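K.L.:
Each chain is listed here by its residues.
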Amino acid sequence: MIRIEKLHKSYPIGKDSLHVLKGIDLHIKEGEFVSIMGSSGSGKSTLLNIVGLLDIHDEGEYYLNGQLIKDLNEKKAAILRNKFLGFVFQSFNLISYKTALENVALPLYYKGMNRKERLKVALDYLDKVGLKDWASHLPNELSGGQKQRVAIARALVTNPKVVLADEPTGALDTTTTDSVMDLLKDINDEGMTVFVITHEEEVAEQTKRIVRLRDGVIISDTLTKAAKAQ
Amino acid sequence: MFDLDRWREIFQSINKNRLRSVMSGFTVAFAILLFTLLFGVASGLGNFFKSAFSDDAQNMMLVRVWKTTKPYKGLQTGRAIQLKNTDYNYVTEEYEDQIQYQSARIYKNFSIKYKNEASSYSVRAVHPDHQFLEKTLMDEGRYLNNRDLREKSKVIVIGRLVKKDLFGEKPALGKRVNVNGSSFLIIGIFSDEGGDNEERIVYIPVTTAQMMYGNNDYISQINLGYNPNLSTDAAIAFGKKVERDMRKRLNIHPDDQSALSVRNMAEANKFVGILMFALYLIIGFIGSGTLVAGIIGISNIMIFVIKERTKEFGIRKALGATPGSIIGMVVQESVLITTLAGYFGLTLGTYILSAIGNSLEETYFIKDPSVSPGIVIGATVILILSGLIAGYVPAKRAARIKPIEALRAD
Ligand SMILES: Nc1ncnc2c1ncn2[C@@H]1O[C@H](COP(=O)(O)OP(=O)(O)O)[C@@H](O)[C@H]1O
Ligand SMILES: [Mg+2]
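So the sequences go chain by chain: A and B. Under the working numbering, think of the first position of the first sequence as 109, with each following residue one higher. Under the working numbering, think of the first position of the second sequence as 896, with each following residue one higher.
These aren't lab readings, by the way, just hints derived from the structure by calculation. Note that the coordinates shown come from a computational prediction; the quantities given were computed from them, not determined experimentally. One should not assume that every hint holds.
In silico BS3-like pairs for lysine-lysine, Cα to Cα no more than 30 Å straight-line [to be verified]: (1) K130(A) to K1297(B); (2) K1206(B) to K123(A); (3) K1206(B) to K240(A); (4) K1202(B) to K911(B).
Only chain A is shown next, with the shape it has when bound in the complex:
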């Protein structure tokens, strides 16, 4: 599903440049549940942004769903994101003046689905994350855990190939963290490829494979106990 070879990424800082990713090789197959771990500044988000087509790499190759990602213009990237990828962010990133239902339906709007249909589909997904009754509430009327579940419903609503989550539990307490992770596990059990960034050991333990980054290189890539147990 995702294949990365000798990937490099630098950010220009003034005259110098900051070499963030220094030759990453990573292969994630369909249906995997992978977490990326590493200390702050190790390049986790940079990697996820490149995988999520929100940023472009400098060197190396990236194949998404078998397609070589190269020379994408913004429009093409937007269409691919809409089609293949679902995003979950640490700070939820819901649109404040839209209801939970409208937030979930938004990716379908950019897909070109008509309003009636997309609200129906969105409601199904809200139901799936257990928030059907909160459909008409605005984000500021929801708890952190509820917001993140709305965001997960939004990431799933287009039925993407991969769900990318950048520290999805970073802003949540332990109980809500568990409920969000349970939800991600359920999604993975249904066959969805899930790619999570975290720096919490307990969160990573709940995925099936842990990739550790340090200073822009992968230092370890192991299966978790949960995966071995299967």
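Dock chain B with the ligands against chain A, hints included.
P.N.:
Coordinates of chain B with the ligands only, in the frame set by chain A:
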């Protein structure tokens, strides 16, 4: 543009952010309001100028004579000039193509009597076309016709106030009145927008007057309506030509203004035209200046708003919004705000103008100020264009927003 979902998105974002939408629309609304008021007032002034002359035909031209004030070809100063039928015939035949209406006029002042009521009135002996030149409005009966003139009939058309003086509320049409000793049949009663003086007048056929009072072919003045197809400048030139011609014909010094003059409405029309043009130019200048300020205002506020909504646009892009769809959304929002605000200004302006109505005529010479449908259509086009211009820069900025920067967790 007619994507209903896009409109719904925009209405939602405007509705959820009412205050800043109203704020950004304010300058444009103000610009259009100002423009509407100025324009309405100017057109009111124009209406006033026009109506100041409009109890007579707009194309009227009068040939009038007095005494000479310059000696010419051995003729002395102080000679009274007399117009005659031959002069009238000469002008009307020579310039047939340039003339729409033609009438001679003889002034008399006679006592008119009906039963025991009698009073002195100004009597005008005229041709049938005079009705159109003077814009005489028939209340009852008819005006003089060619047959009356041929037969030198003793018929009379009396003004509304003459009828009131002599007949009160009783019917007058078909009755006979005594004019300076002769009996005349009343064939019509008229009114005139030129005021009371113009309604205390009677009209009789010019031929009848010449036969009865002096048995000559004298006339007091020649009234013409120049061909309305003539341009204002051509009509002015025509008037000058008639003036030169008549002076020559009557042996008057070419520069003797006091002996013979042609009063030409075309000259007044030209003056009003130039005045209105200048006025509209100034208003156009002020109006477009304010509108430009409004456009810049909307654009600035929208740029600010885009900054405020950076995160939202970042989210939309991450979820699959193309740069084109973001540009479309912002521009459309700008056009909508501009147009709504503009219409608000226009409606308010038109409402104020209609409330003013004619109440300013007396003091400020503004009559029936209003905005024509042409202006409304023009304003719509201008507003949409303004919205496009105002939305362009903010839209470009919105499209340039990078999701990774907008969504960074901090
Ligand atoms: N757009 C950017 N411009 C410059 N430097 C950046 C940018 N994004 C990230 N960085 C830097 O790159 C490094 C890696 O960042 P990031 O991938 O966000 O790390 P992590 O998510 O692991 O904390 C950090 O030092 C960060 O400051
Ligand atoms: Mg990070």
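K.L.:
Quickly compare the C-alpha distance for K130(A) and K1297(B) to 30 Å and report which way the hint goes.
P.N.:
Judged against 30 Å, a Cα distance of about 23 Å means the pair holds.
K.L.:
Do the alpha carbons of K1206(B) and K123(A) lie within 30 Å of each other, as the hint requires?
P.N.:
holds, 29 Å
K.L.:
What's the verdict on K1206(B) and K240(A), does the C-alpha distance respect the 30 Å limit or exceed it?
P.N.:
Holds: K1206(B) and K240(A) sit about 26 Å apart, inside 30 Å.
K.L.:
Holds or violated: are the alpha carbons of K1202(B) and K911(B) at most 30 Å from each other?
P.N.:
holds, 17 Å
Consistency with the previously given hints is maintained throughout, with no hint failing.
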